[in-house]
Amino acid sequence: MGLLSSTASVTRYFVNGQLQEPIRETIEAGLKKFVINDIDGNPSEQAEGWTSFEHPYTPEFSNPGFMYGSTIVFSLRLDKKSVPAKLVQKYFAAESKKRLDESGRDVLSANEKKMIKDHVINLLNLKMPAIPNVYDVVWHYEKKEVWFFSNLKGANESLETLFSKSFQLNLVRRIPYTMAVNIKSLTDTQREILTKLTPPGQTS
Amino acid sequence: MLDITVAYNRYRFLGNEFLTWIWFSIENDTEPFHRCDQELTELAIGNRMVLENRLANAAETISIKGDTAGLEEGLVALRKGALVTEMNLVYQSGSLKWQFSLKGENLSFSGLKLPETGTIESEDDIEGLLLDRIYLYEKPVQFIEDLYEHFIKLRLSEQWKEQTLSIIQRWALKDA
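Line order of the protein sequences matches chains A and B. Quick note: the first sequence uses my numbering, first residue 34, plus one each step. Quick note: the second sequence uses my numbering, first residue 1147, plus one each step.
No lab work stands behind these hints: they were computed from the structure. One thing to keep in mind: the hints can contain errors.
Said to hold, decoys possible - Only pairs whose alpha carbons sit at most 20 Å apart, straight line, appear in this in silico EDC-like list of lysine to aspartate or glutamate:
| # | chain 1 | residue 1 | chain 2 | residue 2 |
| --- | --- | --- | --- | --- |
| 1 | A | 65 | A | 54 |
| 2 | B | 1285 | A | 93 |
| 3 | B | 1249 | A | 190 |
| 4 | A | 177 | B | 1308 |
| 5 | B | 1307 | A | 225 |
| 6 | A | 176 | B | 1308 |
| 7 | A | 177 | B | 1291 |
| 8 | B | 1299 | A | 221 |
| 9 | A | 186 | B | 1232 |
| 10 | A | 186 | B | 1251 |
| 11 | A | 229 | B | 1232 |
| 12 | A | 176 | B | 1291 |
| 13 | A | 229 | B | 1218 |
| 14 | B | 1307 | A | 221 |
| 15 | B | 1259 | B | 1232 |
| 16 | B | 1320 | B | 1218 |
| 17 | A | 229 | B | 1304 |
| 18 | A | 186 | B | 1308 |
| 19 | A | 217 | B | 1291 |
| 20 | A | 176 | B | 1292 |
| 21 | A | 176 | B | 1232 |
| 22 | A | 177 | B | 1284 |
| 23 | A | 217 | B | 1295 |
| 24 | B | 1299 | A | 190 |
| 25 | A | 147 | A | 178 |
| 26 | A | 177 | B | 1292 |
| 27 | A | 229 | B | 1284 |
| 28 | A | 229 | B | 1295 |
| 29 | A | 176 | B | 1284 |
| 30 | B | 1285 | A | 178 |
| 31 | B | 1285 | B | 1304 |
| 32 | A | 198 | A | 61 |
| 33 | A | 217 | B | 1278 |
Said to hold, decoys possible - Label-pair distances were calculated between CB atoms; the ranges are:
| # | chain 1 | residue 1 | chain 2 | residue 2 | range |
| --- | --- | --- | --- | --- | --- |
| 34 | B | 1219 | A | 143 | 34 to 44 Å |
| 35 | B | 1173 | A | 226 | 51 to 61 Å |
| 36 | B | 1212 | A | 130 | 53 to 63 Å |
| 37 | A | 218 | B | 1173 | 26 to 36 Å |
| 38 | B | 1201 | A | 91 | 52 to 62 Å |
| 39 | B | 1150 | A | 141 | 40 to 50 Å |
| 40 | A | 231 | B | 1174 | 17 to 27 Å |
Think of the CB as a built atom: it goes at the ideal place given N, C-alpha and C, for glycine as much as any other residue.
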């Protein structure tokens, strides 16, 4: 579900901090530094990184590819391989038998079993293509606001971490509390009342 | 500012109170809605509402689903002290219509359906389409932001304690 989907989920953030000038180049450098790396044909189980909105499977960041006025649009891609447990079990049994036959022993040590399992998982990960999940990001640079097109906890956590590493800016989720304290026109008295508010049935 | 996890748990009730107030306002006083969107033609409860009563010994959850579902059970739950924790809304501004769900705990949007827009006919259209889509997302997001700001100011005022709360309670009790 993304920006162009018929239905979408959106988590909104405040952006804390100031980007280094020139902005376009700073953003482009941040995106390129943490671009998604394909893990097909490689033993890694998962990968995360930025990709371009228009070409999520062949990321390319160039102007105007990600900047539309003061709005920056790109995507977060999370690639994951899911090796079925039964497949691991099958290859593990075959590999264990091979080791036992070669050594002439009846049993394998716990350490040997662990090594075989790791080997099997690596082998299967090499063959298994990763499943990509793409989540769009809309960054209203002047308004210091980001929309992330997913409410999934894991995807939001990946976004928060990667955004901070890429741009040295912190994302703060817009939740009832942060939305309230960021209302600029609140008076000091109203802010004080806000800090003392308690849920129904509780007293301060 | 509070740690975000502490703030999330401590102030989630504010989001739930906000949704409950939206429901009350839909049925009783739509003036705040028009103040936040002068082109507003409709704000209505959609096809889902979830209420939770944390005052009960064990938290009770009441879900109401369906396009034609009545909200009487929701009012009964309100009388017992429940708050709305999730709500589907139909929002119409001018001739454009949106439908979405909001969760009280984080006020994030889910199942957000936009009004129909054109399809991409060439690569050159992407920028126009994108900006159009962003505008269409902006509209309900800004409406809810403005409405929340209005609610917070009301919630922090003397008027809330002295009038609004008792009016909401009377409404919840109306057919009891």
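Legend entry - Hints breached by this structure: 2, 4, 6, 11, 13, 18, 21, 24, 25, 27, 31, 33, 34 and 35
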